[in-house]
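2 protein chains.
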Amino acid sequence: MEKGLLYETVVSTVNSNQTANAAPIGIICKDNNTVVCYLHQGSSTVRNIKRNKKFIVNLLKDPMVFVESTLGNLSENYYASHKDEFYIKSTDAFFLANVISMKDVERADQFGVSVTSVVVADVSDIFKQKECVEPLNRAIYGIVEGLVYLTRMEMVSGEMEKLYRHRMVEINRIVNKVGGKEHKNAMKKISEAFSKYD
Amino acid sequence: MEKGLLYETVVSTVNSNQTANAAPIGIICKDNNTVVCYLHQGSSTVRNIKRNKKFIVNLLKDPMVFVESTLGNLSENYYASHKDEFYIKSTDAFFLANVISMKDVERADQFGVSVTSVVVADVSDIFKQKECVEPLNRAIYGIVEGLVYLTRMEMVSGEMEKLYRHRMVEINRIVNKVGGKEHKNAMKKISEAFSKYD
Numbered sequence: 296m297e298k299g300l301l302y303e304t305v306v307s308t309v310n311s312n313q314t315a316n317a318a319p320i321g322i323i324c325k326d327n328n329t330v331v332c333y334l335h336q337g338s339s340t341v342r343n344i345k346r347n348k349k350f351i352v353n354l355l356k357d358p359m360v361f362v363e364s365t366l367g368n369l370s371e372n373y374y375a376s377h378k379d380e381f382y383i384k385s386t387d388a389f390f391l392a393n394v395i396s397m398k399d400v401e402r403a404d405q406f407g408v409s410v411t412s413v414v415v416a417d418v419s420d421i422f423k424q425k426e427c428v429e430p431l432n433r434a435i436y437g438i439v440e441g442l443v444y445l446t447r448m449e450m451v452s453g454e455m456e457k458l459y460r461h462r463m464v465e466i467n468r469i470v471n472k473v474g475g476k477e478h479k480n481a482m483k484k485i486s487e488a489f490s491k492y493d
Numbered sequence: 296m297e298k299g300l301l302y303e304t305v306v307s308t309v310n311s312n313q314t315a316n317a318a319p320i321g322i323i324c325k326d327n328n329t330v331v332c333y334l335h336q337g338s339s340t341v342r343n344i345k346r347n348k349k350f351i352v353n354l355l356k357d358p359m360v361f362v363e364s365t366l367g368n369l370s371e372n373y374y375a376s377h378k379d380e381f382y383i384k385s386t387d388a389f390f391l392a393n394v395i396s397m398k399d400v401e402r403a404d405q406f407g408v409s410v411t412s413v414v415v416a417d418v419s420d421i422f423k424q425k426e427c428v429e430p431l432n433r434a435i436y437g438i439v440e441g442l443v444y445l446t447r448m449e450m451v452s453g454e455m456e457k458l459y460r461h462r463m464v465e466i467n468r469i470v471n472k473v474g475g476k477e478h479k480n481a482m483k484k485i486s487e488a489f490s491k492y493d
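From first to last, the protein sequence lines stand for chains V and P. Position 69 of the first sequence, counted from 1, bears residue number 364 in the numbering used here, the numbering being contiguous throughout. Position 174 of the second sequence, counted from 1, bears residue number 469 in the numbering used here, the numbering being contiguous throughout.
Only chain V is shown next, with the shape it has when bound in the complex:
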C-alpha cells in the first residue's frame, strides 16, 4: 500500500454475539504502519470497532465478496479465524488494525451533514495469501474513464454531453480523493484538455 492512497477493502469485525461481520470500506494508507478510515454512523462495523478496538482489513478483488458484504452479510463459510478476529478466506492478504484513536465528527457532503467516525489504527499481523498482492485503488480506472469521455466529446451533444460533463466532475473528485501525486497530475492534464469544450 502506498502512502496517501485510498484503497477499496473489505473490513471484517466481530459482532457482540461473536459472529463475523464484513463491509466494504475505503482505507487510507497514512504511513508504513498507520491506516485511517471514515465510517458512517449506524453500521455494525462502527459499533464493533468501537467495542473491540480492532478490525481486520482484507485486501481482495473477489467481486462476489464486495457484492454480498454490501447487500447483506457474508455467510459463515466465507470466514476463517485469526486470534479472536475473523478474516475472509479467499482474501489476497489481510492485516490486523489496532485502533489508536476514534473520533466522531460532523461531515458535510453532497447528501447533507452526517456524523462520521474517523478511525486511526496501527497495523500488525500482515498475512499474504498470494505472492503478488495489489490492493484495489480506483485512481487509474478514473484516468482511463476520463480519457474515454475526453476523446468522445466531439461525438456527443445534448443529454449525453451533459452526462459526460457530470461524470468528469465526479471522476476528478474521485481521482483526487483516492489517487497519488501522479494520478492527480494526470487528471489535471485531462481536465485542462476537457476545458477546451467549455
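Worth flagging that the hints you see were computed from the coordinates, not collected in a lab. Hints are supplied without guarantee of correctness; some may be wrong.
Repeated chains share a single entry, so a pair holds when one copy, or any two copies, can fit it.
[What the hints assert, rightly or not] Listed below are the simulated DSSO-like cross-link pairs for lysine-lysine, each with C-alpha atoms no more than 27 Å apart in a straight line:
#1 349 - 325
#2 425 - 325
#3 472 - 345
#4 457 - 472
Just so we're clear, the structure is a prediction, and the values are computed from it rather than from any experiment.
Fit chain P to the supplied structure of chain V, relying on the hints for placement.
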C-alpha cells in the same frame, strides 16, 4: 492475463518513418497464446499494424503514459527498442503480437456505424520488468462503483437519481464487456437489487 477478459493496455507501433507511436487499446485475451483487438479506422495504430503486421502490447498503470498517448504522442525518451519494434520503458511487462488476421468490419454502436479492424494476433517475446504484473481490467471497478450507487439510491432523487440510473446501465455494459464470469455474476446480483428501485 485471463481468458475472455479485456485489458486496458498501451499498444506501441512503428510509423513509416521508423519513429514510435503509442495509443491506449483494449486487448482481449482469447487463449494462452492469442489476443484480439478492435481498432477504429483512421488512426496511426491501424495503419502501422496493417503495414508491419505486428505490434507491442505494453501492460502498465502509469497514468501519464495513458494521458499523453491519448492526447498526442509520447516523447521519444519514453521508448526503448525491442528487435525492430518499440516498447515503453516504464512498462510493467510487454509482449510482441504477431498478426494472424486483420479484417475490416462495419460495427454499429451508440455513435452510429463505423468501420473497425478486427485484429487477431499470436503472442511471443513476453518480458516482465516487474515481478508482480497485474494487467488493468475495469470490471472490479465497475462492481465497486455500482455498489456505491446501489447503496445511495435511497438518498437521491430527481436529476441525481436519473444520473445514477444512466450510469448503472453503462456500468452493466462495461462489466459484461470486459469482465469474467464472476464479474458478470456479481453484476447480475447488483442489477437485481437495483431493480427494486424501478
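Which numbered hints fail: none
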